[in-house]
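Asker: Letter 158 of the sequence shown, counting from 1, is numbered 171 in the working numbering, and no numbers are missing.
Read the hints as simulated data drawn from the structure, not as lab findings.
No experiment lies behind these values; they were computed from the predicted model shown.
Do not take every clue at face value.
Unchecked claim - Straight-line alpha carbon distances no greater than 20 Å define the calculated PhoX-like cross-link-like pairs of lysine-lysine that follow:
#, residue 1, residue 2
1, Lys182, Lys100
2, Lys169, Lys54
3, Lys43, Lys100
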Amino acid sequence: MVEGSLRSDTILSQIGSRSQAEKIVEIDEKMINFLVFQLGKYLFAFHGSQAREILPFTGITWIPGATALIPGVINVRGDVAAVLDLKQVLSISETGRGVTGGFFVMVREGDGRNGILVDNIVDVVDVPVSANVQLLPTMDERFRRFASSQFEYENKMVTVLDVVWIIEKVNS
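Please work from the sequences and hints to get the whole structure.
Answerer: Pasting the structure below:
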(Lines of atoms letter the chains of each structure in order from A; the text may use other names.)
(Lines give C-alpha, C1' and ligand atoms only; values in the text may rest on other atoms or scores of the structure.)
Protein backbone atom coordinates (compact mmCIF):
# COMPACT_ATOMS: atom_id res chain seq x y z
CA MET A 14 0.00 0.00 0.00
CA VAL A 15 2.85 2.34 0.79
CA GLU A 16 4.28 1.65 -2.63
CA GLY A 17 0.93 2.64 -4.29
CA SER A 18 0.75 5.95 -2.45
CA LEU A 19 4.34 6.68 -3.44
CA ARG A 20 3.49 6.00 -7.07
CA SER A 21 0.51 8.39 -6.94
CA ASP A 22 2.71 11.03 -5.27
CA THR A 23 5.24 10.61 -8.06
CA ILE A 24 2.55 10.93 -10.71
CA LEU A 25 1.09 14.03 -9.07
CA SER A 26 4.50 15.68 -8.80
CA GLN A 27 5.19 14.91 -12.48
CA ILE A 28 1.85 16.41 -13.48
CA GLY A 29 2.61 19.48 -11.37
CA SER A 30 6.05 19.98 -12.89
CA ARG A 31 4.70 19.41 -16.40
CA SER A 32 1.92 21.98 -15.92
CA GLN A 33 4.50 24.47 -14.59
CA ALA A 34 6.55 23.95 -17.76
CA GLU A 35 3.46 24.45 -19.95
CA LYS A 36 2.34 27.71 -18.37
CA ILE A 37 1.92 30.45 -20.89
CA VAL A 38 4.04 33.52 -20.39
CA GLU A 39 1.85 36.61 -20.32
CA ILE A 40 2.90 39.27 -22.77
CA ASP A 41 1.71 42.83 -22.66
CA GLU A 42 -0.50 42.80 -25.72
CA LYS A 43 -2.40 45.77 -27.02
CA MET A 44 -6.12 45.56 -26.24
CA ILE A 45 -9.11 46.88 -28.19
CA ASN A 46 -12.22 48.07 -26.35
CA PHE A 47 -15.62 46.92 -27.69
CA LEU A 48 -19.25 47.51 -26.76
CA VAL A 49 -21.00 44.14 -27.25
CA PHE A 50 -24.74 44.21 -27.96
CA GLN A 51 -27.49 41.88 -29.09
CA LEU A 52 -29.76 42.07 -32.11
CA GLY A 53 -32.21 39.19 -32.20
CA LYS A 54 -30.17 36.07 -31.51
CA TYR A 55 -26.90 37.57 -32.80
CA LEU A 56 -24.04 39.31 -30.99
CA PHE A 57 -22.40 42.37 -32.51
CA ALA A 58 -19.95 45.01 -31.33
CA PHE A 59 -18.85 48.56 -32.03
CA HIS A 60 -15.41 49.86 -31.19
CA GLY A 61 -15.67 51.43 -27.76
CA SER A 62 -14.40 54.75 -29.13
CA GLN A 63 -17.39 54.94 -31.50
CA ALA A 64 -20.04 54.55 -28.80
CA ARG A 65 -20.46 57.85 -26.95
CA GLU A 66 -23.42 57.02 -24.72
CA ILE A 67 -26.04 54.35 -24.05
CA LEU A 68 -29.63 55.40 -23.42
CA PRO A 69 -32.68 53.28 -22.62
CA PHE A 70 -35.42 53.24 -25.22
CA THR A 71 -37.90 55.99 -24.37
CA GLY A 72 -39.74 56.36 -27.64
CA ILE A 73 -39.13 57.76 -31.09
CA THR A 74 -40.70 60.79 -32.73
CA TRP A 75 -41.80 59.33 -36.01
CA ILE A 76 -41.09 61.33 -39.14
CA PRO A 77 -43.67 61.12 -41.95
CA GLY A 78 -42.19 59.58 -45.06
CA ALA A 79 -39.15 58.23 -43.23
CA THR A 80 -37.76 54.89 -44.32
CA ALA A 81 -37.73 51.79 -42.14
CA LEU A 82 -33.97 52.27 -41.74
CA ILE A 83 -34.40 55.70 -40.09
CA PRO A 84 -37.82 55.57 -38.44
CA GLY A 85 -37.53 58.89 -36.62
CA VAL A 86 -35.62 61.07 -34.19
CA ILE A 87 -35.07 61.36 -30.44
CA ASN A 88 -34.44 64.35 -28.23
CA VAL A 89 -31.27 63.96 -26.16
CA ARG A 90 -30.96 66.86 -23.72
CA GLY A 91 -32.13 69.35 -26.33
CA ASP A 92 -30.19 67.86 -29.25
CA VAL A 93 -32.07 66.04 -32.00
CA ALA A 94 -30.55 62.73 -33.07
CA ALA A 95 -31.62 60.53 -35.97
CA VAL A 96 -32.52 56.97 -34.99
CA LEU A 97 -31.12 54.17 -37.09
CA ASP A 98 -32.85 50.77 -36.79
CA LEU A 99 -29.91 48.39 -37.06
CA LYS A 100 -32.16 45.33 -37.32
CA GLN A 101 -33.66 46.79 -40.50
CA VAL A 102 -30.21 47.67 -41.89
CA LEU A 103 -28.96 44.11 -41.31
CA SER A 104 -32.27 42.43 -42.32
CA ILE A 105 -32.73 40.73 -38.95
CA SER A 106 -36.26 39.65 -38.15
CA GLU A 107 -35.48 37.13 -35.41
CA THR A 108 -35.98 37.95 -31.76
CA GLY A 109 -33.49 36.68 -29.24
CA ARG A 110 -33.81 35.15 -25.80
CA GLY A 111 -33.04 37.51 -22.98
CA VAL A 112 -33.96 40.65 -24.88
CA THR A 113 -34.80 43.17 -22.19
CA GLY A 114 -35.99 46.01 -24.37
CA GLY A 115 -34.43 48.53 -26.63
CA PHE A 116 -31.44 50.77 -26.14
CA PHE A 117 -29.96 53.59 -28.15
CA VAL A 118 -26.21 53.51 -28.68
CA MET A 119 -25.37 57.14 -29.32
CA VAL A 120 -22.64 57.73 -31.90
CA ARG A 121 -21.30 60.91 -33.44
CA GLU A 122 -20.21 60.82 -37.05
CA GLY A 123 -19.14 64.04 -38.72
CA ASP A 124 -21.63 66.81 -37.92
CA GLY A 125 -24.48 64.44 -37.12
CA ARG A 126 -25.50 62.64 -33.97
CA ASN A 127 -27.16 59.26 -34.35
CA GLY A 128 -28.90 56.85 -32.03
CA ILE A 129 -28.52 53.27 -33.15
CA LEU A 130 -31.35 51.07 -31.91
CA VAL A 131 -30.23 47.71 -30.44
CA ASP A 132 -32.09 45.03 -28.49
CA ASN A 133 -29.80 44.61 -25.51
CA ILE A 134 -26.44 45.79 -24.20
CA VAL A 135 -24.36 42.74 -23.31
CA ASP A 136 -20.96 43.96 -22.11
CA VAL A 137 -18.01 46.26 -22.58
CA VAL A 138 -14.88 44.17 -23.14
CA ASP A 139 -11.18 44.58 -23.82
CA VAL A 140 -10.06 42.09 -26.46
CA PRO A 141 -6.41 41.34 -27.32
CA VAL A 142 -5.51 42.46 -30.84
CA SER A 143 -4.56 38.87 -31.70
CA ALA A 144 -8.08 37.65 -30.76
CA ASN A 145 -9.74 40.14 -33.12
CA VAL A 146 -9.71 38.05 -36.31
CA GLN A 147 -10.67 38.47 -39.95
CA LEU A 148 -14.17 37.60 -41.05
CA LEU A 149 -14.90 33.91 -41.23
CA PRO A 150 -15.98 32.63 -44.66
CA THR A 151 -19.11 31.19 -43.07
CA MET A 152 -20.37 34.62 -41.97
CA ASP A 153 -23.93 35.50 -42.91
CA GLU A 154 -23.89 37.65 -46.07
CA ARG A 155 -26.37 40.09 -44.48
CA PHE A 156 -23.67 41.14 -42.01
CA ARG A 157 -20.50 40.76 -44.08
CA ARG A 158 -20.75 44.09 -45.93
CA PHE A 159 -20.88 46.06 -42.67
CA ALA A 160 -18.43 43.93 -40.67
CA SER A 161 -14.75 44.65 -40.10
CA SER A 162 -13.68 41.71 -37.90
CA GLN A 163 -14.82 39.11 -35.37
CA PHE A 164 -13.83 37.88 -31.93
CA GLU A 165 -14.96 35.19 -29.53
CA TYR A 166 -16.95 36.14 -26.44
CA GLU A 167 -18.21 33.47 -24.04
CA ASN A 168 -17.86 30.78 -26.73
CA LYS A 169 -19.87 32.78 -29.29
CA MET A 170 -18.61 34.74 -32.26
CA VAL A 171 -19.17 38.50 -32.10
CA THR A 172 -19.23 40.45 -35.35
CA VAL A 173 -17.58 43.88 -35.16
CA LEU A 174 -19.57 46.37 -37.22
CA ASP A 175 -18.18 49.52 -38.81
CA VAL A 176 -20.61 52.17 -37.58
CA VAL A 177 -19.19 54.85 -39.91
CA TRP A 178 -19.81 52.63 -42.96
CA ILE A 179 -23.33 51.81 -41.76
CA ILE A 180 -24.26 55.48 -41.34
CA GLU A 181 -22.76 56.38 -44.73
CA LYS A 182 -24.71 53.62 -46.50
CA VAL A 183 -27.99 54.47 -44.79
CA ASN A 184 -27.63 58.18 -45.55
CA SER A 185 -26.69 57.65 -49.22
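Asker: Run through the hints listed earlier and report the numbers of any the structure violates, in increasing order.
Answerer: 3
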